[in-house]
Structure formats: structure tokens, C-alpha cells
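Peer 1: The chain contents come next:
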Amino acid sequence: MRLTALDENAQAAGLKRGQGLAEARAICPGLVAIDEDSAADRRFLEALADWCDRYTPLVALEGQDGLFLDITGSAHLFGGEAALLSDVLHRMTGLGLAVRGAVSSTPGLSSAVARFGESRVIADSEIEAVLAPLPIAALRVGADVVQALAKVGLKQVGDLLEAPRAPLARRFGPHLLLRLDQATGLDEEAISPRLPVASLSAERRLAEPIQSEEDILSLAGQVAEALKPSLEARAAGGRMFELVLFRVDGKVFRLTAGASRPLRDGPRIARLFAERLTGVHDELDVGFGFEILRLNVLSHDAFDHAQGDFDGDGSRQQSLADFIDQVSARLGPECLKTYQLRESHIPERAVVAIEALHHSVSKPQRLPEAAPLGTASSAEKERPLRLFAHPEPLEAFAVEVPDGPPIRFRWRRLTHQVRRAEGPERLAAEWWLDGEGAPTRDYFRLEADNGQRFWVYRQGLYDQVANPRWFMHGIFA
Amino acid sequence: MARSALAQETVFALRETIARLEGKPIPALAAAQAQATADGQERERSGREDRPARLATGVAVMDEALEGGVPLDAITEIRSRAFLDAGVASGFAFALSARLQAGAQGGVGTLPVLWIAERMASQEAGAPYPLGIRGFGLSTTQFFHAFPNRIDEALWLAEAALGSGAFGVTILEVRGNPKAFGLTESRRLALRAKAAGRPLFVLRHAAQEEASSATFRFLAEPALATERRLPDGSMLGGSIGHPVFRLTLEKSRNPAPLSLFLAWNAHDRQFTCVDDPIRHAVPEGRAAAHSRASLPAAFNRQDPAPALGSLLAFDRQAGGRAGPFERAS
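Protein chains in written order, with the working numbering: chain W, 694 to 1170; chain C, 151 to 479.
Since the hints were made in silico from the structure, they are not lab data. Quick caveat: nothing in here was measured; it's all calculated off a predicted structure. Any given hint could be a false lead.
Pairwise CB distance ranges (calculated) [what the hints assert, rightly or not]:
1) W:Arg897 with C:Glu217: 55 to 61 Å
2) W:Ala1121 with C:Leu171: 24 to 30 Å
3) W:Asn1160 with C:Met270: 31 to 37 Å
4) W:His1038 with C:Val211: 29 to 35 Å
5) W:Asp994 with C:Arg269: 42 to 48 Å
6) W:Glu1093 with C:Val211: 27 to 33 Å
7) C:Ala345 with W:Phe737: 47 to 53 Å
8) C:Asp302 with W:Ala726: 45 to 51 Å
9) W:Glu1027 with C:Ala345: 52 to 58 Å
10) C:Leu164 with W:Glu925: 27 to 33 Å
11) C:Asp302 with W:Arg897: 54 to 60 Å
12) C:Met270 with W:Leu790: 27 to 33 Å
13) C:Asp302 with W:Ala836: 38 to 44 Å
Listed next, the stretches of chain C that the computed footprint assigns to chain W, with coverage defined by at least 3 CB atoms under 8 Å from CB atoms of chain W [claimed, not checked]:
14) 206-214
15) 220-230
16) 293-307
17) 324-331
18) 343-349
19) 369-383
Glycine is no exception: its CB is placed at the ideal position from the N, C-alpha and C atoms.
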């Protein structure tokens, strides 16, 4: 077992990273060692990244213990780069963290200075001057490269800046020069933000944290109203919204809510979250309140302007859309479904359930109509009213071989005497999906002595399978 | 004199309120209502009455017992004794919904249908199958299926659906008599249905009779289906035609429970009363698929049927009074 991280006291006692635990205990008998939990460290870093969302939506993780913030275009909101940096450092120290940071025009330089130098803002003109005195390790290259460079007397970045490039590349590989160029800004380096950037977002910062649900919702409504001009400018309405709540102590909650039709109206967006808040009530720990509230529009669609009509049909569609939104926000989108037909003769494949939220209310992709009154739809096969998701095996007795129905069968521990039977309706497997060997099903409608009507099938034919199995697939009215 | 008239008016007003709460028309009140000449009252009443509040089943006996039909602004409960009968109970609910759609009562019939199924019910009796429902006569263009996890979620869904007024029919399917769905909750739903003017069908599978705010409660039991009608008017023996429900009106204003057999014709969206289901049970002409005697053997007759068992030839024994054949049991 080895030491992976040290606090200040341990460093003062002369312990080093990578040292064996036994050796460390010998040096420092009072050592308190805690097992490393890298997953928990990762979660903590991600929580911090969430917290940093308040400065910019572009936050990326760097290694085990670093965060990149792309503050392009957001620094002025906090009074400039220096003010932003000091704000980050001040607040994070307030959270009880030892933190260092740097602002520069390249991620490489910021990382190098933050880890090996003083916390500061570096102007473009002083990049080389700042970089030169730093150790090679600051360039984020492997320990073996650092050692090899040290052997030839190159210990500081300044040594590399002056050295000819071709021999360096030949001897130490292109990676070293890439890192060097990335630090000086000669080469591009992209950071990969954790979360996709919302297409639109608006936020409100509060001097006094809010705790009650009503406050959160009324504020969400106000923020949503602030988004309205931007949505109008795009002729769009939001389909998926995210409410980000920053708690005073640094915890960040994200609530998403979808709408079945593009929304733009502040109060209606707030109502989505009213249902969502009710749904997650237990998980949302308000603590000492929220200090920042942000509303993101994750996806938006073209907004179709509804013109009011007099017959009230529009309001009915609206109420259906409202109901779908309400249910999807409160119980989750998978709670309310509607059906679409598919080209398939296998009963369970012929119908597919889709979430009602994605089912456009204004332009419904409809199932074909039921047969109009009075017309005979005898061509249509009889299908049961209720279908089992998983066909249930049953024991069939006294079956007419090869193509007949059973005379008696046993299902769910009850024996049913068959009075009448219709069938078979032979449904071959879909070989293009199930493969050549998939068994054929022979469906029968059976009526039991008591009057219950069942839909059962025999899997496989008698000349192909020695002892075909029987299944209950549905029940008729 | 004036005082007694005033008192009478108060009594009438109270009676009317009670009648409205209970959802029943009182003939005696009609005269009093006719006398109420205040414009506001008149307008309010006509606003309430332009919507047909009943869905006639089309069967005279049933409609009479239901005072015109299934109410469209209240709860109607359909109960089955066991999960095995879930098909019949849900079939009756779908048949009523199909009649509502076919009649398109005041625009209510064109609205979507919402099916709220408790999870256990779907596992035990299967999920509604749109192709089958379509074949049953109910348009599934806008059929919504809600999957609540718990009974309180299901109740909330039903209440929200009724309140939104977006659904022509809301069907709530529960298993048995859950504690969380008692008289209070049922009353709440009934009031919501009343206010919204939308029907709620409560399907209780494998349930007991229980006090609830439903205006009517049916017990649905399976019955043998009719046979298929051939083009020449005769019946095709051994075929399974229109489904038949054995319905018992357990709860209504009529104290005597009414029980009858209704066959559902999905093409015409019509119920027909079947008087004698036994007639359909015995196939005429052609033999049924498995026409075996399922009745017990007759007894106490001159020439009783021989007991079951096979006859074996045994050696004749001395002194034995038995015939040449002994019965082996």
C-alpha cells in the first residue's frame, strides 16, 4: 500500500507521494491513513464542476484534481478576469478547499501555473516569461520524459524554449513539443466540457437564498419570462427545460422537464417545474436555500403560433397537451404512453408504445381508424382485448393432432374445459428478424365452459417438434 | 303567508342542492324549477342541460334500470369476481366507450380515451391491446395508456385527467379493494367527474362489493358467446361469435338487482339482450368442436347408464352369482 495524497501536516513531516505505508508509519507513527476512494473523489470533483457552472457553462475535468473553466465571454459578468479568479478562489476556500488557479489564454499554461506557480492572471505578453522558470513536469508530460530530460540537464521549461526543436522531437517524441506549443499558444488545445451547452439560458442571482417551493417557482417563472424574447427571436419554443439550483453550500440540483409542445410562456414553464418538484420532493434537500437559479433550454422546436378559434377545439388540444406535460413532469415521461402500429404480423410486434410526450398533439401520427359503423371488417383477424407481455406457458391435454386445439388445458393452476374452439390461425415467424429456425405459431380462440375466451397458441408444428409447447397469449372479452 | 312561501323556497333550494350532490333528478323538483323564473337561474340550468348526461345502452330493460343510461358525469364501477374474468370486465368498459364514440355525445365521443392501469393488473390480466380494441369497435386513434406505479399515483392521474377535461372516457383499473382507494377518494373522484362532466369507469378486478361513490356498479361475469351468423340467417354451430356479458346491476336506485345477458356487436356498436344463453350453449345442427356430454350421467331411472370402467373376461367361479363378466374397478 502506498500513499496517494498528503495533507499539509504530512508534507511537513517529510512524507512523499508514492511512499509505502509501512515506511511512512515508521517515519511518522501518528499517521492517519484513509483508504483511497477514487470514485468518491471523482464524484466530489464533478460536484465542484457543477458548482463552477455559475461562472461558465463550459467546465471540463482535468485529471484527478483539476478543473478547466472556459471563461471566454463571461469574465466581464464578474468584473474582469482578476476579479473572477479571486472570486473563485475566495469562494472555494470558503468551502474548505485548498485551491489554486490561474487565468491565461491557453489551458496548458493555466494548468502549469496553477499547479506549479502562483495564482494569478497572465497577460499574453508575459507567457514565456512566466513559463520559463517552471519545472518540466508542469507541461503535463510523463514522468519518464521528465527524468530523461533531467538527465541531459533540461530541468525548466525555459531550457526547452531555448533549445533547438528538431533534436528534441527526435529524442523525446512529438508529444513533448506538442505540450510545449499548447502551453505557449502556438498550438490549439480544446477542452471537452462535461455537459452540452444549453441553447439558451437565463439565471437569477440572489442576495438572500430562497427556500420555499413557491419562491423557487415564481422565480423560475420570472426567469422563463426573461427567456421569452430570445425564444421569440428564434421563432422557437422550448421542448426540454432544465432548472439548475445552486445551493448555498455548493450543492447543485438539476431538474429537467419536458413539454409535449414548444413552450414560451413563463407561467406554463413554471407549472412544468411545479409538477416536477412535487415528483422529486424527497430528493430535493433545500438545506439553507438556493442562491442561484438558472433555467436552461436544452432543446427547442419551431413554435407554431396558435390563433384562437371560437369553437373551443384549440383549448381542448391545449388541455390534452397540458395533461401530458403535467403527468410526464410528475411521474416521468415513461408513465404515459400511446400506441403506433407497425408492419408486422407477429401480435406483440405489430404495436409499439411510444411516450406521449414525443407524440405530437397538433399533428398526431394516428393509428388507422376503427372500422366505420356498420361496415363489416371481416378481413380483419380477431385479436384479443388484452395481451400478455410475456406469453404464459400452459398444459394442454387431449390435443387433436396435428392441427387441432386442446380439449382441456391447465393455466395458472386451474383446469379449463374447452367448449368451443376456432382456429388455427397460423403465424410464421419473421425469419428476417428471428432466423430461419424460429418456430411457427398456431393460434386458437378457445371458449371455456364458464364463458371465458382465451387466445392460445402452439409453438411449433407436430412434424417438426416432438412435443410442442402451448402458451396463453391473450384474453378476449 | 309570505313567510311560509319563503320557507318553502328554502326547502326547495336545499332539496335541489342535495339532489345535485347526489346526482339524481327529482321529478317533484321539476315543477319547482319551472317556477324559478329568475334569468340567471334559467341560464345556468340550460347551460347544464344542453349536454346529454346519460349514455344509453340501447337495451330498454337496462336503460330503464339505469334511468336513461350510464351517467356521463359520474363514476360507474365494473367489478369482476376473479382475474380470470378481467376480459369480460374490460370488454364491457370498452364497449361502453365504443358506444360513446359512436354516438359522439356532445363532442365528448371524439375525445381521446385514457386507460389508467395499476401495474399489478396489467401483469395479471395483460395490457390492453390496440389491435384487439380496434376490432372491438373502439377507435384507437387517440388511446393513451398510463402506467402508474402506486395506487395513489393512479388516483392522482384519474383526478388530473378528469379535471383537464381532455379525455372523453377515463378508465381506472385497480386490483381488488385497495385501502388507499376508499370512500373518501372515490367521493373526491366523483365530485371531480361531476364538475368536469366526464365519465370515469372504475374497473375492479377480483374485488368485493364495497361502498363507493359510484352511481352504478356492475358485476361482470363471463357467458358463452353467441354463434356466428351466416349470410342466410342461420347460425354457424360451434363458432365463437359476439361476446356475451352477464351483467348484474349491483348498485343502483332500484333495490332489486337486475341481471341480464348482453351480447356486444362490435360492427354496429350495439348491445342486444340475449334472453336465454343456454340456447346458444347447445349447438344446433352441426356438432361443436368438442361436443361431449359434460353433464353428469342420469340416475334414478329404469335403465341406468352403466358405471364407468372396462369390462374384462374373468374365469367363472364356482358359486359365484355374477355373470360371465366381472367388473374391474
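Peer 1: State for each hint whether it applies.
Peer 2: Against the structure, the hints:
no., hint, result
1, W:Arg897 with C:Glu217: 55 to 61 Å, "holds (57 Å)"
2, W:Ala1121 with C:Leu171: 24 to 30 Å, "violated (59 Å)"
3, W:Asn1160 with C:Met270: 31 to 37 Å, "holds (33 Å)"
4, W:His1038 with C:Val211: 29 to 35 Å, "violated (42 Å)"
5, W:Asp994 with C:Arg269: 42 to 48 Å, "violated (32 Å)"
6, W:Glu1093 with C:Val211: 27 to 33 Å, "violated (41 Å)"
7, C:Ala345 with W:Phe737: 47 to 53 Å, "holds (52 Å)"
8, C:Asp302 with W:Ala726: 45 to 51 Å, "holds (49 Å)"
9, W:Glu1027 with C:Ala345: 52 to 58 Å, "violated (30 Å)"
10, C:Leu164 with W:Glu925: 27 to 33 Å, "violated (54 Å)"
11, C:Asp302 with W:Arg897: 54 to 60 Å, "violated (34 Å)"
12, C:Met270 with W:Leu790: 27 to 33 Å, "violated (50 Å)"
13, C:Asp302 with W:Ala836: 38 to 44 Å, "violated (59 Å)"
14, 206-214, "violated (count 0)"
15, 220-230, "violated (count 0)"
16, 293-307, "holds (count 10)"
17, 324-331, "violated (count 0)"
18, 343-349, "violated (count 0)"
19, 369-383, "holds (count 5)"
Hint compliance for this structure: hints 2, 4, 5, 6, 9, 10, 11, 12, 13, 14, 15, 17, 18 are not met, and every other hint is.
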